[in-house]
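> Each chain is listed here by its residues.
Number of protein chains: 2
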Amino acid sequence: MSSSIDYYFDFSSPYGYLGSTRIEAVAQKHGRKLIWHPILLGAIFKVTGQAPLTTYPIRGDYALHDFKRAAREHEIAYTQPDPFPIGAVAASRACCWLKASTDAELNAQLTPFVHAIFKAYYVEGHNISDTDVVLNIAQKLGINKDELATGLGDQSVKDALKSAVAQAIELGVFGSPTTVVDGELFWGSDRIEQVDRWLDRGGW
Amino acid sequence: MSSSIDYYFDFSSPYGYLGSTRIEAVAQKHGRKLIWHPILLGAIFKVTGQAPLTTYPIRGDYALHDFKRAAREHEIAYTQPDPFPIGAVAASRACCWLKASTDAELNAQLTPFVHAIFKAYYVEGHNISDTDVVLNIAQKLGINKDELATGLGDQSVKDALKSAVAQAIELGVFGSPTTVVDGELFWGSDRIEQVDRWLDRGGW
Chain P
7 MSSSIDYYFD
17 FSSPYGYLGS
27 TRIEAVAQKH
37 GRKLIWHPIL
47 LGAIFKVTGQ
57 APLTTYPIRG
67 DYALHDFKRA
77 AREHEIAYTQ
87 PDPFPIGAVA
97 ASRACCWLKA
107 STDAELNAQL
117 TPFVHAIFKA
127 YYVEGHNISD
137 TDVVLNIAQK
147 LGINKDELAT
157 GLGDQSVKDA
167 LKSAVAQAIE
177 LGVFGSPTTV
187 VDGELFWGSD
197 RIEQVDRWLD
207 RGGW
Chain H
7 MSSSIDYYFD
17 FSSPYGYLGS
27 TRIEAVAQKH
37 GRKLIWHPIL
47 LGAIFKVTGQ
57 APLTTYPIRG
67 DYALHDFKRA
77 AREHEIAYTQ
87 PDPFPIGAVA
97 ASRACCWLKA
107 STDAELNAQL
117 TPFVHAIFKA
127 YYVEGHNISD
137 TDVVLNIAQK
147 LGINKDELAT
157 GLGDQSVKDA
167 LKSAVAQAIE
177 LGVFGSPTTV
187 VDGELFWGSD
197 RIEQVDRWLD
207 RGGW
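Residue numbers (the numbering used here), protein chains in the order written: chain P, 7 to 210; chain H, 7 to 210.
Isolated chain P, as found in the complex (with noise of 0.2 Å):
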């Protein structure tokens, strides 16, 4: 059994996000560890035979009602960004970078960042699928944009996300939020409660 949560999630998915402002204070009440877990949809839906959800119709102007009703129901800040979906590969590098760095505080940005990128562009509208908007973000928590632009540009960086993404679909991961728990995978932002009753319950 492991003792984290570990949350897979797209930082072009709306309900990614929304799912990221909550699953902290799931896994602070139940004590367990949370695990950010960026990954590329693009990748997965070749594997899948799915495609981004407001290209379908009638589905898709459901998402985009529900991605804001969704929002007011959890009092979470939400403007539908444009362009959307975007591809997240600079900011899903960077988040790789932070995580294999030996520096501890470099580790410890993870959760800031993550945030950071998701607020970017769900709050403030700006497209965070350019690098040099990824690079200011990290700036302004203190990393240090040089060596993160260096970073982004590492193969092991690069294999690093490759990696992760090869790891979540083997894993069973087709959608974000993905939240992992002792083995169980619960896909949907509209999940998170359930993780939660699961881990109150000690499943069912």
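Among the hints, erroneous ones may be present.
Since the list gives no way to pick out one identical chain from another, each pair is judged satisfied if it fits inside one copy or across any two copies.
[Stated by the list, open to error] Simulated pairs of lysine to aspartate or glutamate, EDC-like, Cα-Cα distance not exceeding 20 Å:
| no. | residue 1 | residue 2 |
| --- | --- | --- |
| 1 | Lys125 | Glu30 |
| 2 | Lys125 | Glu79 |
| 3 | Lys74 | Asp202 |
| 4 | Lys74 | Asp188 |
| 5 | Lys164 | Asp138 |
| 6 | Lys74 | Glu199 |
| 7 | Lys74 | Asp196 |
| 8 | Lys74 | Glu190 |
| 9 | Lys52 | Asp67 |
| 10 | Lys105 | Asp152 |
No lab work stands behind these hints: they were computed from the structure.
Given the coordinates of chain P, work out where chain H should sit on it, guided by the hints.
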């Protein structure tokens, strides 16, 4: 403002079944009339470009696991049916026939019939795509089997189902179940509790 709760579902949808066991309590709590709307996802998927859930790689395996897990959470009897999915044309047309009848006793049979069809498929393992199975279920409820058999062949009944599916698409229904309250659509069995909160709070 409508005073009803409209519940759109495909008999072949496990989540449609799981939601059907909980939606009446929500309607009753809020003094709303519940209206059952059987639809055919096959026709809807042609418009939305989706496919049956369990046909998607990875996502399909998750769904098969989640059906059972969701049933356990709510203590709903559930056995994964085989064959699955099936075409629920006969059962859905039977609902249209019950709805359209000028006999109030037949109208009143709609709710027991919906539950009996779901139970036959998801608890007792009967193949509800078979018209004879549907007729026998109806007969057990005291519905005249021969009259229903004749009704299933009526063009007006066939047209009523086609029209119901077209109206659902027009309304924005793309999945099962979809609960509609005061013009708001909520997709998913896992959103039944959100519908309850929506009514508690008068929206948000």
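> Any hints from earlier that this structure breaks? Give me their numbers in increasing order, please.
Hint check: nothing fails, all pass.
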